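Number of protein chains: 2
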Amino acid sequence: MDRICFSPGPTQLHACVPDALNRAIEEGILSRSHRSEWFSGMASSVKQQLFELLGVPADYRLFYVASATEAMERTIQNLVRAKSHHFVAGSFGDRFYQTSLEWGREASLTKVNVGDSFDVDLFDIDSETELICITQNETSAGTQVPVDSIHRMVDLHSNKLIAVDVVSTCPYAPLDYSKIDVAFFSVQKCFGLPAGLGVMIVSPKAMEAAAEKGVAAKGYHSFDVLGKWEVEGQTPETPNVQGIYLLNEVLCDYLKRGIEAIRSDIDLKFDLLDSFSRRDARFEPFVSDHRYCSRTAYGLEYKGDAFALRKSLATEGIELGAGYGDLKKTQSRIANFPVHSVSDFNRLVEALDRLG
Amino acid sequence: MDRICFSPGPTQLHACVPDALNRAIEEGILSRSHRSEWFSGMASSVKQQLFELLGVPADYRLFYVASATEAMERTIQNLVRAKSHHFVAGSFGDRFYQTSLEWGREASLTKVNVGDSFDVDLFDIDSETELICITQNETSAGTQVPVDSIHRMVDLHSNKLIAVDVVSTCPYAPLDYSKIDVAFFSVQKCFGLPAGLGVMIVSPKAMEAAAEKGVAAKGYHSFDVLGKWEVEGQTPETPNVQGIYLLNEVLCDYLKRGIEAIRSDIDLKFDLLDSFSRRDARFEPFVSDHRYCSRTAYGLEYKGDAFALRKSLATEGIELGAGYGDLKKTQSRIANFPVHSVSDFNRLVEALDRLG
Chain A
1 MDRICFSPGP TQLHACVPDA LNRAIEEGIL SRSHRSEWFS GMASSVKQQL
51 FELLGVPADY RLFYVASATE AMERTIQNLV RAKSHHFVAG SFGDRFYQTS
101 LEWGREASLT KVNVGDSFDV DLFDIDSETE LICITQNETS AGTQVPVDSI
151 HRMVDLHSNK LIAVDVVSTC PYAPLDYSKI DVAFFSVQKC FGLPAGLGVM
201 IVSPKAMEAA AEKGVAAKGY HSFDVLGKWE VEGQTPETPN VQGIYLLNEV
251 LCDYLKRGIE AIRSDIDLKF DLLDSFSRRD ARFEPFVSDH RYCSRTAYGL
301 EYKGDAFALR KSLATEGIEL GAGYGDLKKT QSRIANFPVH SVSDFNRLVE
351 ALDRLG
Chain B
1 MDRICFSPGP TQLHACVPDA LNRAIEEGIL SRSHRSEWFS GMASSVKQQL
51 FELLGVPADY RLFYVASATE AMERTIQNLV RAKSHHFVAG SFGDRFYQTS
101 LEWGREASLT KVNVGDSFDV DLFDIDSETE LICITQNETS AGTQVPVDSI
151 HRMVDLHSNK LIAVDVVSTC PYAPLDYSKI DVAFFSVQKC FGLPAGLGVM
201 IVSPKAMEAA AEKGVAAKGY HSFDVLGKWE VEGQTPETPN VQGIYLLNEV
251 LCDYLKRGIE AIRSDIDLKF DLLDSFSRRD ARFEPFVSDH RYCSRTAYGL
301 EYKGDAFALR KSLATEGIEL GAGYGDLKKT QSRIANFPVH SVSDFNRLVE
351 ALDRLG
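Chains A and B are the protein sequences, given in the same order.
Each residue of the first sequence is one higher than the one before, counting from 1 in my numbering.
Each residue of the second sequence is one higher than the one before, counting from 1 in my numbering.
Please note that a few of the clues may not be correct.
It does not matter which identical chain is used: a pair holds within one copy or between any two.
[Said to hold, decoys possible] Capping the alpha-carbon separation at 30 Å, the derived lysine-lysine pairs in DSS-like fashion look like this:
1. K329 - K83
2. K228 - K328
3. K328 - K179
4. K228 - K160
5. K83 - K111
6. K218 - K160
7. K160 - K111
8. K228 - K218
9. K328 - K311
10. K179 - K303
11. K205 - K329
12. K83 - K213
13. K303 - K328
14. K218 - K83
15. K303 - K228
16. K218 - K329
17. K111 - K228
18. K303 - K111
19. K83 - K228
20. K329 - K256
21. K328 - K213
22. K256 - K83
23. K213 - K160
24. K205 - K311
25. K205 - K179
26. K160 - K311
27. K160 - K205
28. K205 - K218
29. K83 - K179
Think of the hints as simulated: they come from the structure by calculation, not from any bench.
Remember, predicted model here, so these are calculated numbers, not experimental data.
Could you build the full structure based on these sequences and the hints that come with them?
In structure tokens:
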């Protein structure tokens with residue numbers, strides 16, 4: 001029985017992982033120094049491949065951190081002297097907001113109930129705001145912020161910095177990265193890798209702002225220090241070398257498949273699941289508004305006992321994520337990442353139909 | 001040809017890694033949630049095994065971070081309101097010192113030249129000092145601070161907190177952990193694992209101090225937040241799950257071997273290499289004072305071209321670390337970790353004798 005994991009992170013491993021790991025062990029790669037030419041070459045390859053895949057301008061920077069949670073902290077520390085504004089539609093947006101408060105900044109927020117979302121360009125932003133923080137895909141709630149509204153917001157607030165949490169959506173969301181100052185994700189989501197590595201994409205404008213604000217001088221993960229090492233293809237500390245090595249392998253596969261094919265496959269799998277849950281009376285989408293429904297982390301409501309349903313599916317090797325917090329009684333979360341194939345989704349829908 | 005890596009981190013992988021990783025992939029472990037009972041059980045097992053191995057009191061806490069560099073930052077952020085004191089014998093001690101300055105603390109230091117070390121109890125410490133920071137094994141220089149002098153220093157300064165960097169020495173150094181408030185290491189050294197995970201052992205006194213000082217309220221890796229999650233056997237963010245899983249496997253092996261056997265094996269391998277380098281005119285120890293010479297990261301001086309020697313050894317599958325910075329021309333660094341066997345060291349000494 002083939003096991004397939006639809007949890008929204010950690011999720012199903014990318015198919016290249018077992019061979020790549022065995023090769024790494026065979027060749028002694030995991031014992032190599034992070035100060036070696038081999039490492040610098042690999043880190044540079046990740047940057048080149050990721051930027052090509054996403055269309056990131058060449059003068060942007062790529063930094064490695066430990067997690068998306070760390071990325072939020074470093075973003076606030078480096079880019080906010082006094083005030084940030086946050087769009088909060090669930091736990092991860094709230095984490096970003098709390099991070100700003102915890103580090104002594106003033107933070108304002110625009111908040112909606114779990115399951116709702118917004119067009120972020122429709123809201124006023126206080127003129128004191130230095131950084132606007134958006135969670136493009138709110139994994140905890142299964143909602144998304146439409147990409148076009150993020151682009152419009154940037155055009156309206158060109159004097160501010162924009163940070164976008166793309167944790168469970170990158171490389172799916174067709175963001176214009178040239179409009180964004182900080183984007184970050186962790187590799188256990190859409191890249192299908194073991195957890196423990198975060199990636200930050202940082203604009204020249206953000207680098208300048210960090211230097212000007214004089215908040216860049218703090219610690220080994222200031223943008224200043226990260227930037228100095230990144231020029232050498234290195235990191236200040238010994239990083240998760242295995243994670244970077246595997247990310248390079250996955251990016252190679254994603255470039256072969258092509259970003260358009262990856263995105264249209266995700267749309268196709270989303271339609272398969274969403275149309276099933278809309279037409280079958282036992283199920284319904286948690287987020288009914290198509291514009292705000294996450295494509296990559298789907299909240300599926302079930303009229304029966306969602307615990308029992310997940311258990312039945314698990315006996316057939318199909319693992320779903322539980323709904324976030326109290327929602328887990330009626331809701332399951334289903335990741336729709338590039339590592340999940342159309343046939344995985346056909347199998348899932350067939351099993352939901354049969355066991356639901 | 002069997003390859004053996006003596007670099008002082010990342011180093012030779014523990015022999016259990018290939019099988020444990022393949023089993024993890026087979027069983028879908030790397031897709032499991034860090035909020036699952038499975039994860040909590042594993043994290044609790046690491047704590048129980050590590051504390052048993054090292055003799056850490058049961059009321060101490062175990063926190064996971066990304067690296068030893070992060071551990072330094074979190075130690076300063078959580079435990080120092082105004083002033084820390086640092087014993088600096090090389091780059092890693094200096095990093096700890098700089099971290100305190102970078103985060104706006106006043107930091108004083110006792111510093112020796114690279115290759116020298118000290119009995120830390122012989123120096124006066126300013127009464128304003130809240131935290132004394134010691135790098136027990138200075139990997140960059142191949143020196144150590146004698147454990148008995150650390151113990152005596154603690155007895156002299158019981159009103160202060162003591163943090164000990166045990167990165168390249170734990171579990172070798174026979175520290176009395178009940179005397180230490182923070183000890184930290186990264187798993188790519190003496191635990192023979194892929195890089196990307198740091199471990200902090202924190203005393204109840206340090207937890208109280210962090211709370212009292214009112215500096216504990218900052219961010220997801222404050223001792224306060226780490227402590228709340230640790231009670232559940234969990235971490236605030238998605239951690240390096242694979243690293244924790246592998247650490248559990250290695251600890252199981254180390255407990256089977258027994259801490260006394262691990263320590264006496266390291267002493268035996270050290271004697272093999274040190275007596276060779278002392279009696280052979282082509283070589284000499286970088287640190288001649290036996291009391292201060294690191295047992296686990298040995299600096300070997302070579303009268304010829306150290307680059308050429310390392311290259312010859314590499315053709316036979318024996319990889320040494322280069323000396324730190326400018327020292328690399330004449331010096332090689334040789335890790336003596338639990339993952340290196342006596343026969344590995346016999347092979348190394350034989351090859352040095354033949355190729356030197």
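Checklist entry - With identical chains treated as interchangeable, where does the CA-CA distance between K218 and K160 reach 30 Å or less: within a copy, between copies, both, or neither? => result Answer is both: 22 Å inside a copy and 25 Å across each meet the 30 Å cutoff.
Checklist entry - When no copy is named, should K228 and K328 be tagged within, between, both, or neither for a Cα gap of at most 30 Å? => result between (45 Å within a copy, 23 Å between copies)
Checklist entry - With identical chains treated as interchangeable, where does the CA-CA distance between K83 and K111 reach 30 Å or less: within a copy, between copies, both, or neither? => result within (17 Å within a copy, 40 Å between copies)
Checklist entry - Which holds for K329 with K256 at a C-alpha limit of 30 Å: within a copy, between copies, both or neither? => result Classified as neither: same-chain Cα gap 40 Å, cross-chain 43 Å, threshold 30 Å.
Next on the checklist: Treating 30 Å as the Cα threshold, decide for K303 and K328: within, between, both or neither.
Outcome noted: Answer is within; shortest intra-copy Cα gap is 12 Å, inter-copy 68 Å.
Item to check | Within, between, both or neither, where K83 and K228 count as close if Cα-Cα is 30 Å or less | outcome: Intra 27 Å, inter 28 Å, cutoff 30 Å: intra and inter.
Item to check | Homo-oligomer pair classification [K213, K83; C-alpha up to 30 Å] | outcome: both (12 Å within a copy, 25 Å between copies)
Item to check | Identical-chain pair category, K205 with K311, by Cα at 30 Å | outcome: Neither, since 49 Å and 44 Å both go past 30 Å.
Checklist entry - With identical chains treated as interchangeable, where does the CA-CA distance between K328 and K179 reach 30 Å or less: within a copy, between copies, both, or neither? => result neither (36 Å within a copy, 45 Å between copies)
Checklist entry - Within a copy, between copies, both or neither: where do K160 and K311 come within 30 Å Cα-Cα? => result neither (48 Å within a copy, 53 Å between copies)
Next on the checklist: With identical chains, the pair K205 and K218 could be close in the same copy or across copies; at 30 Å between alpha carbons, which is it: within, between, both, or neither?
Outcome noted: So K205 and K218 pass the 30 Å test inside a copy (19 Å) and across (27 Å) alike.
Item to check | Homo-oligomer pair classification [K205, K160; C-alpha up to 30 Å] | outcome: The answer is within: 10 Å in one copy meets 30 Å, while 44 Å across copies does not.
The earlier numbered hints that this structure contradicts are 1, 3, 10, 11, 15, 16, 20, 21, 22, 24, 26.
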